[in-house]
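The listed protein sequences derive, respectively, from chains A, B, C, D, E and F. For my numbering, add 15 to where a residue sits in the first sequence, where the first one is 1. For my numbering, add 15 to where a residue sits in the second sequence, where the first one is 1. For my numbering, add 15 to where a residue sits in the third sequence, where the first one is 1. For my numbering, add 15 to where a residue sits in the fourth sequence, where the first one is 1. For my numbering, add 15 to where a residue sits in the fifth sequence, where the first one is 1. For my numbering, add 15 to where a residue sits in the sixth sequence, where the first one is 1.
Simulated from the structure, these hints should not be mistaken for lab results. Careful: at least some of the hints might be erroneous.
Which copy is meant is left open, because identical chains are indistinguishable; a pair holds if it fits in one copy or across any two.
Said to hold, decoys possible - In the DSS-like style, the derived pairs of lysine-lysine whose C-alpha atoms are separated by at most 25 angstroms in a straight line are:
(1) 150 / 166
(2) 40 / 150
(3) 40 / 171
(4) 171 / 98
(5) 36 / 150
(6) 150 / 98
(7) 171 / 150
(8) 98 / 36
6 protein chains.
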Amino acid sequence: MTGLTHFDAEGAAHMVDVSAKADSKRVAVATGWVKMSTETLAIIESGTAAKGDVIGVARLAGIMGAKRTSDLIPLCHPLPIAKVAVELEADDALPGLRVTATVATTGKTGVEMEALTAVSTACLTVYDMAKAVQKDMEIGGLRLLSKTGGKSGDWKAPAP
Amino acid sequence: MTGLTHFDAEGAAHMVDVSAKADSKRVAVATGWVKMSTETLAIIESGTAAKGDVIGVARLAGIMGAKRTSDLIPLCHPLPIAKVAVELEADDALPGLRVTATVATTGKTGVEMEALTAVSTACLTVYDMAKAVQKDMEIGGLRLLSKTGGKSGDWKAPAP
Amino acid sequence: MTGLTHFDAEGAAHMVDVSAKADSKRVAVATGWVKMSTETLAIIESGTAAKGDVIGVARLAGIMGAKRTSDLIPLCHPLPIAKVAVELEADDALPGLRVTATVATTGKTGVEMEALTAVSTACLTVYDMAKAVQKDMEIGGLRLLSKTGGKSGDWKAPAP
Amino acid sequence: MTGLTHFDAEGAAHMVDVSAKADSKRVAVATGWVKMSTETLAIIESGTAAKGDVIGVARLAGIMGAKRTSDLIPLCHPLPIAKVAVELEADDALPGLRVTATVATTGKTGVEMEALTAVSTACLTVYDMAKAVQKDMEIGGLRLLSKTGGKSGDWKAPAP
Amino acid sequence: MTGLTHFDAEGAAHMVDVSAKADSKRVAVATGWVKMSTETLAIIESGTAAKGDVIGVARLAGIMGAKRTSDLIPLCHPLPIAKVAVELEADDALPGLRVTATVATTGKTGVEMEALTAVSTACLTVYDMAKAVQKDMEIGGLRLLSKTGGKSGDWKAPAP
Amino acid sequence: MTGLTHFDAEGAAHMVDVSAKADSKRVAVATGWVKMSTETLAIIESGTAAKGDVIGVARLAGIMGAKRTSDLIPLCHPLPIAKVAVELEADDALPGLRVTATVATTGKTGVEMEALTAVSTACLTVYDMAKAVQKDMEIGGLRLLSKTGGKSGDWKAPAP
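Pulled out of the complex, with its shape left as it was, chain A reads as follows (with noise of 0.2 angstroms):
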């Protein structure tokens, strides 16, 4: 046995059976980050406080991604969103902009992809916002906070 639940026995790609869990609530939340040149990072902070609002448009379209998860993961379950939250905040360390998204659901299965996947497109839409200055940015740091609910239980990430 491998433990790869998205195979069958024979190896093929399925998706799994979730008909007989209960629903329940469940909570997801995950954190990535972009890093970006300090010059970067200051044209986003005051477009944000005036102009040209990057964190806006990240923070929207991160929610927006959260509901497109089951088109983009091949063997995700369609799941009735019921909440999705998503986090940006400059970080003058990375430097960068650092992302988290928490997404809630009351169902069958959990929503770890729906939280990773809106922290993904959230760092991809500032990524599109800011290439004409800096194209050399890097998007890492992407990873599971912590999942609530479900069979499985509880789990938090390890500090990294």
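Once you have looked at the hints, place chains B, C, D, E and F on chain A.
Here is chains B, C, D, E and F on its own, set in the frame of chain A:
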């Protein structure tokens, strides 16, 4: 002037006018990785050889993800994508999988976002398929390697 | 407090958490119209009776549009829509077509946006199909007629 | 002859053949409004200045909606949209928000439907975000202001 | 009465109201085939074993296609799909590939269309991947094998 | 060499590079049928004439389905479709409905898959609308009739 071309003079987000640009061949290459334990990597590698083709599924998800780029990234132009290739290879030193995507078009804007979205979608799909055995995998190193074509000319990432 | 529930305390847009709400039957009815010349209306009416069913195409577009609501409206929850009906009828006094959409679900949030999106998509489709004969048609009167169900209770539009 | 080009000689709906048309620059401008109480407008205006950027969210929704036009309108051709700009401004006399969208392409058919869909989606999004404070807002005045380019030439709306 | 439930008493198409139905477990199984030359089948079979996994790609396309059913079929309800499995096997007697899809949900309507759409999408994908070597392949035998659950009860296809 | 162009030399699936191909007019015609009982066909035919236009709904679904082809078929290029026509006609000998779709583009690749997807979506929609009266309908005979244009030249199906 902030240099953020996705905002107009009043700071309002817009999709930049490219109608006067000539169609030209454009190629972009992006990369990224999924870091995991040696055990998870071994499961994926054995699965690909025999049963449970994680890499094949992730490659296809990356290709299809490139086609959804303008749906996901708010200010991205829809483009007639002419080529998408996504490579995944195991790297024991990471340990994990390294992903590289090459996207080409003959169009009025570049395909940097399509290449980055392909890599990001492939990485997320790897995470989805292996999360039953390891939840603390990390996605990172997502960046543009090169772009060619278009008025702004060719660009190559500096050595990391 | 602004009362705008789609923003959190810091003013950031978010998709409101409805995971704690109970599933209940909810119905929304919306209306709108396309105003056109008497000649255009006559063409549409004769077409529907014989050849060129503008009303049939617009009705179907409205039904399918309701299913795309959460894709289009950034902070709208995806919902398992249980019913969509779209009616179009000629109004010689307008002159033009009046559109009414009824949407129902058993879910955690209302279907006001689904009903309004159905009407809007049907009206846009009428415009598309008749614009070869008249470009200065106008779409208007798009508003909610009633909603029932949910914690906030029933609501009925005041007489216009 | 009815003049309804979206139907063939037998009255069957079809997507008109534009393959023989030359690519040319085409621009369309459309407008519409959301009528609301003075109180709701004040909340939106104060929100935009400080917290809760209804106008920013609606603008982005309008831009993204333009890209979904051929998904929503059954007989509309998919087009490589080259530009989308959506403006929203408060009008105390309405009272409410006036929305204007400008869409451009270099293609074989016009972008009237894309401009109208952008306005419609932005208006629906305003409704969604403000409906917690006022349910009887009305969307109207949705019409084409002008189109340029293409074989049928330029067109400008008569004064309303 | 025609018995066509997708039309109301006036003959207008509508999405049938299922809001009063109870959620129950429902399963549907559908099948179909792609007929091809012995040579084409041999190429596909050798490819799957070594290079060029036509069957793996088609299986994934079928699974993802099931999730797009309510986007494609106008009057189909969106459903929280709980399971999709798609099998493809070579049949030397056909000669060609036989496809079977099983879809499950816990919902208010059946998943017959989802199972048929999965089979259809998998067959079309096989055609796409092999059309460079044979253009006159044929897709056929697409039918429902069984459905279980729901008020109308279980159904099993008669022997063909 | 297998001749399967959707795989590279290592057997990995990719979207073939068409960026160097010239834009040219391309047309594809595909066909298929839905076999049903004489009673079901009679219901559909009477419905179309008076109430319940199954054929009109299926035609529109086929046209819209053609536009979703590159979303559904993993390695299919997105294309600016220039024309879609879908015909359905009753065949008492089948008995059932015969569907023919014609798709045209001016682009870098052919529209065979778009024509086949249009037929398939129209057939599935007929099944959906009539399944309340007959569940054992069968979809078959889905094949390419002809293609013209492109480097590989014209092709016409042999007589069946």
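The hints, checked one at a time:
Taking the shortest Cα distances, residue 150 and residue 166 sit within 25 angstroms of each other only across copies (15 angstroms), while inside one copy they are farther apart (43 angstroms). Taking the closest pair of Cα atoms, residue 40 and residue 150 come within 25 angstroms of each other only across two copies (19 angstroms); inside a single copy the shortest separation is 41 angstroms, beyond that limit. With identical chains, the CA atoms of residue 40 and residue 171 are at most 25 angstroms apart within one copy only, with a shortest distance of 17 angstroms there and 33 angstroms across copies. For the homomeric pair residue 171 and residue 98, the shortest alpha-carbon distance inside one copy (20 angstroms) is at most 25 angstroms, but the shortest distance between copies (28 angstroms) is not.
In the homo-oligomer, the alpha carbons of residue 36 and residue 150 lie at most 25 angstroms apart only across protomers (21 angstroms), although the nearest pairing inside one protomer, at 45 angstroms, exceeds that limit. In the homo-oligomer, the alpha carbons of residue 150 and residue 98 lie at most 25 angstroms apart only across protomers (22 angstroms), although the nearest pairing inside one protomer, at 33 angstroms, exceeds that limit. For a Cα distance limit of 25 angstroms, the shortest separation of residue 171 from residue 150 across copies, 9 angstroms, qualifies, whereas the shortest one inside one copy, 34 angstroms, does not. Taking identical chains as interchangeable, the C-alpha atoms of residue 98 and residue 36 lie at most 25 angstroms apart whether they share a chain (21 angstroms) or sit on different chains (12 angstroms).
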